[in-house]
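Residue-level listing of the chains:
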Amino acid sequence: MSMLSNLRPGGRHGVASTETRDPIGYLVAGLSRLAQTDLLDRLGLRKQAEQAVFTVTRSGFGTVTRANRTFFRAGSRDKSGVRPAAASTSGRFDLTPTEDEQLLVDVVTEFATEVVRPAASDADAACAAPQELLDASREIGLPILGLPESLGGVAEERSAMAGTLVAEALARGDMGLAVATLAPGSVATAIGLWGSDEQQQTYLPAFTGDDVAAAALALTEPQVLFDVMAPQTTAVRTGEGYVLTGVKSLVPRGAEAELFVVGALLEGTPVLFLVESSSEGLSVEGDPAMGVRAAGLTKLRLDGVSVGEEAVLGSTDGSAYAACVRLSRLAWCALAVGTGQAVLDYVTPYVKEREAFGEPVAHRQSVAFMVANIAIELQAMRLLTYKAAGRAAAGKDFSKAVALARKACAEHGMRIGLDGVQLLGGHGFVKEHPVERWYRDLRAVGLMEGAVLV
Amino acid sequence: MPINLDDPKKFRTLVGQAHQVAMNMLRPISRKYDLAEHEYPKELDMLAAMIDGLSESGASEGAGAAGVRRSEDGDAGDGPIAAGSKNGANLASVMSIQEMCWGDVGLLLSMPRQGLGNSAIASVADDQQLARFDGVWAGMAITEPGTGSDSANIKTTAVLDGDEYVLNGEKIFVTSGDRADAIVVWATLDKELGRAAIKSFVVPKGTPGMRVERLEHKLGIRASDTATIIFENCRVPKENLLGSADVDPKQGFAGAMATFDNTRPLVASMAIGCATAALDLTRELLAKAGVEVDYDRPAYAQPAAAAKLLQLESDLEGARLLMLQAAWMADNRKPNSLEASMAKAKAGRVGSDVTLSCVELCGAVGYSESELLEKWARDSKILDIFEGTQQIQQLIVARRVLGLTSNELK
Chain C
468 MSMLSNLRPG
478 GRHGVASTET
488 RDPIGYLVAG
498 LSRLAQTDLL
508 DRLGLRKQAE
518 QAVFTVTRSG
528 FGTVTRANRT
538 FFRAGSRDKS
548 GVRPAAASTS
558 GRFDLTPTED
568 EQLLVDVVTE
578 FATEVVRPAA
588 SDADAACAAP
598 QELLDASREI
608 GLPILGLPES
618 LGGVAEERSA
628 MAGTLVAEAL
638 ARGDMGLAVA
648 TLAPGSVATA
658 IGLWGSDEQQ
668 QTYLPAFTGD
678 DVAAAALALT
688 EPQVLFDVMA
698 PQTTAVRTGE
708 GYVLTGVKSL
718 VPRGAEAELF
728 VVGALLEGTP
738 VLFLVESSSE
748 GLSVEGDPAM
758 GVRAAGLTKL
768 RLDGVSVGEE
778 AVLGSTDGSA
788 YAACVRLSRL
798 AWCALAVGTG
808 QAVLDYVTPY
818 VKEREAFGEP
828 VAHRQSVAFM
838 VANIAIELQA
848 MRLLTYKAAG
858 RAAAGKDFSK
868 AVALARKACA
878 EHGMRIGLDG
888 VQLLGGHGFV
898 KEHPVERWYR
908 DLRAVGLMEG
918 AVLV
Chain Y
1066 MPINLDDPKK
1076 FRTLVGQAHQ
1086 VAMNMLRPIS
1096 RKYDLAEHEY
1106 PKELDMLAAM
1116 IDGLSESGAS
1126 EGAGAAGVRR
1136 SEDGDAGDGP
1146 IAAGSKNGAN
1156 LASVMSIQEM
1166 CWGDVGLLLS
1176 MPRQGLGNSA
1186 IASVADDQQL
1196 ARFDGVWAGM
1206 AITEPGTGSD
1216 SANIKTTAVL
1226 DGDEYVLNGE
1236 KIFVTSGDRA
1246 DAIVVWATLD
1256 KELGRAAIKS
1266 FVVPKGTPGM
1276 RVERLEHKLG
1286 IRASDTATII
1296 FENCRVPKEN
1306 LLGSADVDPK
1316 QGFAGAMATF
1326 DNTRPLVASM
1336 AIGCATAALD
1346 LTRELLAKAG
1356 VEVDYDRPAY
1366 AQPAAAAKLL
1376 QLESDLEGAR
1386 LLMLQAAWMA
1396 DNRKPNSLEA
1406 SMAKAKAGRV
1416 GSDVTLSCVE
1426 LCGAVGYSES
1436 ELLEKWARDS
1446 KILDIFEGTQ
1456 QIQQLIVARR
1466 VLGLTSNELK
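As you go down the protein sequences, you meet chains C and Y in turn.
For the first sequence, the residue numbers in the working numbering are 468 to 921.
For the second sequence, the residue numbers in the working numbering are 1066 to 1475.
In case anyone wonders, no lab produced these hints; they're calculated from the structure.
Values in this document were obtained by computation on a predicted structure and should not be read as measured data.
Mixed in with the good hints there might be a few duds.
[Claimed, not checked] Where chain C lies over chain Y, by a calculated footprint (3+ residues, C-beta under 8 Å): (1) 1069-1075; (2) 1232-1238; (3) 1354-1368; (4) 1460-1470.
Glycine included, C-beta positions come from ideal geometry on N, C-alpha and C.
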């Protein structure tokens, strides 16, 4: 009986529970089981094949092993934190970045070209970003990009546009590494935007100094039809604070993070909580995915994690949470634009050099039009993203603008990834070329919530 | 100043006026002239007079086919502005034409003195010709029965005989061909010399040898008449050749094609105006049926109709921003041929997707003549065809992006 129930097909290996097995199916399933044991190997019946199978610790959740930093409480709990001022606007339609923004984009573009791209393939395979690259990203100021000068950052005013341009430029190197390098700064930016004086004084020094804390914005959950505005992770009010329970997924660099921003439903309203990784009841597990692997994605389990009153980040009326979701989607749009640009940059020379039937394949309309459409949709994605970013920086409502950008970046961005592989044919399918990685990365855009924000 | 893609503040009044005109003058007669094809929309005379008045007072800033002559007019009253941030006549044009086409594309195309021929005159004519053809309503005749997108291949000839050119040939798809005061005709001085020998000629209505053969019955934009015109030994003064009579192979096709560079964003704006009309009405009809888009929640967690609406809005906004980009570049004297083609390609296909999807979303209400949705779905199709089809735009974009010549990428 147990044999039969073990052989029931549904619910595992991607088989729907409506599937049934007929007698031949049971026989095949039994043979398959046998084939998976080492019996055949011991009997010498199977050629040993070397396989480099990579996984992050997949043997279940483990407690965070990294030596945790102690965050020393400082500042006043009831006092509002310092807020960056909204960027001023002239009311003029303008696509010209400011001099500062252009300077920043130039620096980051060089970094993306010289450092990020060459490291991308190995980081994808290793599911981790190299330490030297993370160090270098700190040196060019990525973690403090979104912080006002008064909080130890570099921004004079709200920097959603600069953040967008930087995310785009980084993702042109590699999306996974872009997420890995932007994750700590995203938490810092969130604390800058919504933190109390105490939260800013307590946590921001960990991002503005030399030893920058890994940190992650954990909003996504492992659920079908997940609606980020209604997370299943809950926060229950107790005498001294709150108890958090739930599971977050696709959390970047969760294994090394020292601070999380976690979204949870408090009395029916989604709220952000600051959770230190040393908290009792918190555990992480590797959660490698289709793409964005260099970001070291993890699942984060909160098993009755107690946090104090001071852990609430921003308002409890859902407005800070909604703003966080929108700014995060904006960042993912920027990442999609950068990755889409990488695809276009790559396929353009390729189709001109690759020959078939005696001439470059680019001379055929079916190929050339695919490239044209990549260029057209990519530029539309970019303008939609910039429009949302401009509104966010100016302190205007950008909920609709970012929704329109996200729709375009998810749909047309994926199309760009798909066509990028197609244009290289069989060569696009093998890892010798980066287009298969961009294909995997671009799928993330429509479904990722949190992780990064600008 | 920072990157800002919101509509320019400066044109808020202009766009608001165009919207009011579209709503209060064009919409009430929209169905009437869709049904009464080939009937002259006499209501437009008053509107045209009003637009003339506005442009004389300088208040309209290119409300119509203002042409593509890039003037040096500064942003009076705005103070000094940084390079690359001028918001001028090109932006004003696309934004106001979008509003007029939100009213009715066919009627906009029928607007007296706002024809494509006027755009050609404004783009190519010398100062003397500009003065001579001021106030003339000019249609545009390029396409021939055997020549559509390959307009370099036209067969209509122009032969110099004394002080006159003699035109012979057949032109089709001439918008307002029967109503306009004059037709700008593309003809070749010498077929052997190829593109460089193609010139445009202004032929006033009533010139002997020019006759309107017939008016087409069309899928959409039925308010706009579309003529077939025959030229038989039609003589025009040689001063009616627009621009230079020299056949300069280096200049190639550029002279004649210059008109298209700035009409592409205008056609994009027509497609966007028409699609916006459909989307505005559909959004309201769906809301009455209980479906509204929640922009914060994922599309897959909302009704299919809401998810579709979100996709349509996203594509339309993308097309609109490409249109604004192309116009902004023209305002700032940046070469925009690539961006203009991107805008027209995206707007053309999105226009069709939006209007057709709106009919489907609204079911029988969308399909019936009781609403205008079915009309907009018919009107929008031409905007993905004329002034360079979808495929021609893709060809232009592909050649630019890939750096290929027209010989390499045919």
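Evaluated hints:
1. Interface restraint, the region 1069-1075 of chain Y with chain C: holds (7 residues with C-beta to C-beta distance below 8 Å; minimum three).
2. Figure legend: the region 1232-1238 of chain Y, annotated as covered by chain C; annotation inconsistent (0 residues with Cβ-Cβ distances under 8 Å, at least 3 required).
3. With 8 residues carrying a beta carbon less than 8 Å from a beta carbon of chain C, the region 1354-1368 of chain Y meets the three-residue requirement, and the given coverage holds.
4. Figure legend: the region 1460-1470 of chain Y, annotated as covered by chain C; annotation consistent (8 residues with Cβ-Cβ distances under 8 Å, at least 3 required).
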